[in-house]
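2 protein chains.
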Amino acid sequence: MKTLDKPVKPGGVIGIIGGGQLGRMLAMSAARLGLKTCIYNDENHAPAFQVTPLQVAASYDDRAMLTGFAEICDVITFEFENLPAGSIEYLADLKPVRPGAKALATTQDRFIEKNFVKSLGLATAPFHEVGSAQQARDAFAQLGGGGILKTRRFGYDGKGQAKAASADEAATAFKSFKGAPAILEGFVDFAFEASVIAARGADGAFAAYDPPENAHENHILRRSTVPGRLTRAQGDEAKAIARKIAEALDYVGVLAVELFVTRDGALLVNEIAPRVHNSGHWTIEACACSQFEQHIRAVAGWPLGDPTRHADAVMENVIGAEAEAWESLARSGALHLYGKRQAKLGRKMGHVTRLRPKS
Amino acid sequence: MKTLDKPVKPGGVIGIIGGGQLGRMLAMSAARLGLKTCIYNDENHAPAFQVTPLQVAASYDDRAMLTGFAEICDVITFEFENLPAGSIEYLADLKPVRPGAKALATTQDRFIEKNFVKSLGLATAPFHEVGSAQQARDAFAQLGGGGILKTRRFGYDGKGQAKAASADEAATAFKSFKGAPAILEGFVDFAFEASVIAARGADGAFAAYDPPENAHENHILRRSTVPGRLTRAQGDEAKAIARKIAEALDYVGVLAVELFVTRDGALLVNEIAPRVHNSGHWTIEACACSQFEQHIRAVAGWPLGDPTRHADAVMENVIGAEAEAWESLARSGALHLYGKRQAKLGRKMGHVTRLRPKS
Chain A
0 MKTLDKPVKP
10 GGVIGIIGGG
20 QLGRMLAMSA
30 ARLGLKTCIY
40 NDENHAPAFQ
50 VTPLQVAASY
60 DDRAMLTGFA
70 EICDVITFEF
80 ENLPAGSIEY
90 LADLKPVRPG
100 AKALATTQDR
110 FIEKNFVKSL
120 GLATAPFHEV
130 GSAQQARDAF
140 AQLGGGGILK
150 TRRFGYDGKG
160 QAKAASADEA
170 ATAFKSFKGA
180 PAILEGFVDF
190 AFEASVIAAR
200 GADGAFAAYD
210 PPENAHENHI
220 LRRSTVPGRL
230 TRAQGDEAKA
240 IARKIAEALD
250 YVGVLAVELF
260 VTRDGALLVN
270 EIAPRVHNSG
280 HWTIEACACS
290 QFEQHIRAVA
300 GWPLGDPTRH
310 ADAVMENVIG
320 AEAEAWESLA
330 RSGALHLYGK
340 RQAKLGRKMG
350 HVTRLRPKS
Chain X
0 MKTLDKPVKP
10 GGVIGIIGGG
20 QLGRMLAMSA
30 ARLGLKTCIY
40 NDENHAPAFQ
50 VTPLQVAASY
60 DDRAMLTGFA
70 EICDVITFEF
80 ENLPAGSIEY
90 LADLKPVRPG
100 AKALATTQDR
110 FIEKNFVKSL
120 GLATAPFHEV
130 GSAQQARDAF
140 AQLGGGGILK
150 TRRFGYDGKG
160 QAKAASADEA
170 ATAFKSFKGA
180 PAILEGFVDF
190 AFEASVIAAR
200 GADGAFAAYD
210 PPENAHENHI
220 LRRSTVPGRL
230 TRAQGDEAKA
240 IARKIAEALD
250 YVGVLAVELF
260 VTRDGALLVN
270 EIAPRVHNSG
280 HWTIEACACS
290 QFEQHIRAVA
300 GWPLGDPTRH
310 ADAVMENVIG
320 AEAEAWESLA
330 RSGALHLYGK
340 RQAKLGRKMG
350 HVTRLRPKS
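For the record, the sequence lines run as chains A and X.
If you read the first sequence in numbering that gives the first Met the number 0, its first letter stands for residue 0, the second for the next number, and so on.
If you read the second sequence in numbering that gives the first Met the number 0, its first letter stands for residue 0, the second for the next number, and so on.
With the rest of the complex left out, here is chain A:
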């Protein structure tokens, strides 16, 4: 496995696997720092292809293309975690990959991730492994109430999830996953959802953004508000949770920790995303160093930037056909559109951030 001994110099190339909006915003932030980016994406059209001339369109397990891509890059990172593990290992033998294999292996699998979180002494929703229909029934009985069956791997935006209000429903849901290993997670009666976006540098430095409160609709993030309903103490606790996780993973880069805030004020870890995160988009306008620049700084071995928030912010996603109202959205705030050609149902087309003076 290759390691990065010296920072990538200005003019160097950051490889980014995945050409969606996260890759696009990462590439734009790298450009601010005088760094080039090469985007690797498995389709010919990708939002991030519009913001750099260095691009590879090939399958994520095309070894020849991966080799050529690695040759171009000084360091490699990714915008989504559901990559073929073999490809990341392959790349990691050629060039430094950040964050590293441990972070990916831990966060690609919900069961491993939740056990890891528990091992750090952090709280999660109750969960049980489900590898068979019978295990689904048993897990339901153990929870002692309703839950959500989730595939261990490859889930996002509510995909690979099904509610289960009875042991039968749990078993049926498992069968609908066609044998994919799963977990059954107990419902949490939370007051609201929140997240914390933080970065760890190659030198071990740590920087966390103020944690936003998040609202979801149809399993998709609708809105992030900062400051939200988190108290100052909860904000500090959220940052401490992110730090504990980042250090245990020997993490380099930006990571996001999704949290449930229970009615009695406890913070439960819901999910870890080993990458920049939708709930951190407001940092582009509200902080001198955005989550995207922060990630680039970290993976390039640069000093971390200042995560101080200098304004209050509300970020709203622009989903599907909502993008047709681009003109009034542009009037209403800082509009970001991702260059996607088709506004499919549920597809994130952009976002708008609205700032207010810091409260």
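These are calculated hints, taken from the structure and not from any lab test.
Treat the hints with caution; some may be incorrect.
[Stated by the list, open to error] Here are the computed lysine-lysine pairs in the DSS-like style, where the Cα-Cα straight-line distance is at most 27 Å:
1. K8/A x K343/X
2. K8/X x K117/X
3. K8/X x K347/A
4. K117/X x K162/X
5. K243/X x K101/X
6. K343/A x K5/X
7. K5/A x K177/X
8. K243/X x K347/A
9. K357/A x K1/A
10. K117/X x K5/A
11. K1/X x K243/X
12. K357/X x K357/A
13. K5/X x K117/X
14. K347/A x K162/A
15. K177/X x K8/A
16. K162/X x K343/X
17. K177/A x K162/A
18. K343/A x K8/X
19. K177/X x K162/X
20. K101/A x K162/A
Starting from the structure of chain A, add chain X where the hints point.
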């Protein structure tokens, strides 16, 4: 001359003539809005070529290449004003060019520009036309003191300028310009320099940023500070000056007006730049809509963005070999590097913006 009747839709292409750092930052801002950019530059390597795959490297008067470029673009703008006038006219017959011919014709020539400013009832330094060595002597006599001889066209960062402390020096300076028409401008005993960056939309809307105080070294901008020493009343006056100029030029886009602030508090117009401006770079971090996005919004026919400043800011240029200290600069603030390969003496390699809570 083509006009733009409807806004350029997301996915449309903004043509940018000039691939330096201003073109680069314009392209990055267009990408935020889901707009593509095509960069036209007369050298094979250009900072802006790194941030978009759509690019044309050809001479600025290559009619075939200009035609192809225009074909790709929905609207065309530029990052510097010293373009062959014939090329702009040629393009304007093919696609809308913003800002338009009037703004360029007025601001490309110091003598025309200063007469235009005077015609609006605005103050400038005293100036006289110089078309011959004898006229240089006469102008010196009329000024009744020292002055600076400046070529009417193609000057920037102090190029095409020479101090004259006597009539002989004025005549010699004129001869050194090899016949280029010039003006002799009287010295202004100013307290400090300032500028105002403002935008006018296609719908006549106007938006101005808070005017920074500017410090120059060796004729190159060293530092912009906002708020600077301008009083609130002077700030308002500066914005009103920009508005008067923008409206008289029927301007669409961002323009900058450089000002001298005299010891008795008067604002004199020094220069008009029909484009985004180095003294407005701090708007990237300190405002929700930067000068670059504002310019793109204006030329694309979009609603103007909010120029409100939500933090105090100091922007410092990174010049020549100073860029070698990129690592400590990255530690000290929001660093921007322009992707230039060689750090020549006096070349602007990047800038750093440092924010503080709004005073």
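**Prompt:** Do the alpha carbons of K1/X and K243/X lie within 27 Å of each other, as the hint requires?
**Reply:** Answer holds: K1/X to K243/X is near 25 Å, not above 27 Å.
**Item:** Pair hint K357/A and K1/A, alpha-carbon separation not exceeding 27 Å
**Value:** Violated, at about 43 Å.
**Asked** Going straight from one Cα to the other, do K243/X and K347/A come out at no more than 27 Å?
**Response** violated (42 Å)
**Request:** Decide if the proposed pair is consistent with the structure: K177/X and K8/A, CA atoms, cutoff 27 Å inclusive.
**Result:** violated (43 Å)
**Message:** What's the verdict on K117/X and K162/X, does the C-alpha distance respect the 27 Å limit or exceed it?
**Reply:** Holds - the C-alpha atoms of K162/X and K117/X are around 23 Å apart, at most 27 Å.
**Request:** Decide if the proposed pair is consistent with the structure: K8/X and K347/A, CA atoms, cutoff 27 Å inclusive.
**Result:** holds (18 Å)
**Request:** Below or equal to 27 Å on CA atoms is what counts here, so check K177/A against K162/A.
**Result:** holds (16 Å)
**Message:** For K162/X and K343/X, compute the direct alpha-carbon distance and say whether it is at most 27 Å.
**Reply:** holds (25 Å)
**Item:** Given pair status - K5/X, K343/A, alpha carbons within 27 Å
**Value:** holds (25 Å)
**Item:** Pairwise hint evaluation, K357/A against K357/X, where the allowed Cα distance is 27 Å at most
**Value:** The given pair, whose Cα atoms are some 10 Å apart, holds under the 27 Å limit.
**Request:** Sort out whether K343/X lies within 27 Å of K8/A, counting only the CA atoms.
**Result:** With Cα atoms ~18 Å apart, K8/A and K343/X stay inside 27 Å; holds.
**Prompt:** Does the alpha-carbon distance linking K243/X and K101/X stay inside the 27 Å limit?
**Reply:** Holds - the C-alpha atoms of K101/X and K243/X are around 15 Å apart, at most 27 Å.
Checked against the numbered hints listed earlier, the structure breaks hints 2, 7, 8, 9, 10, 13, 15 and 20; every other hint is satisfied.
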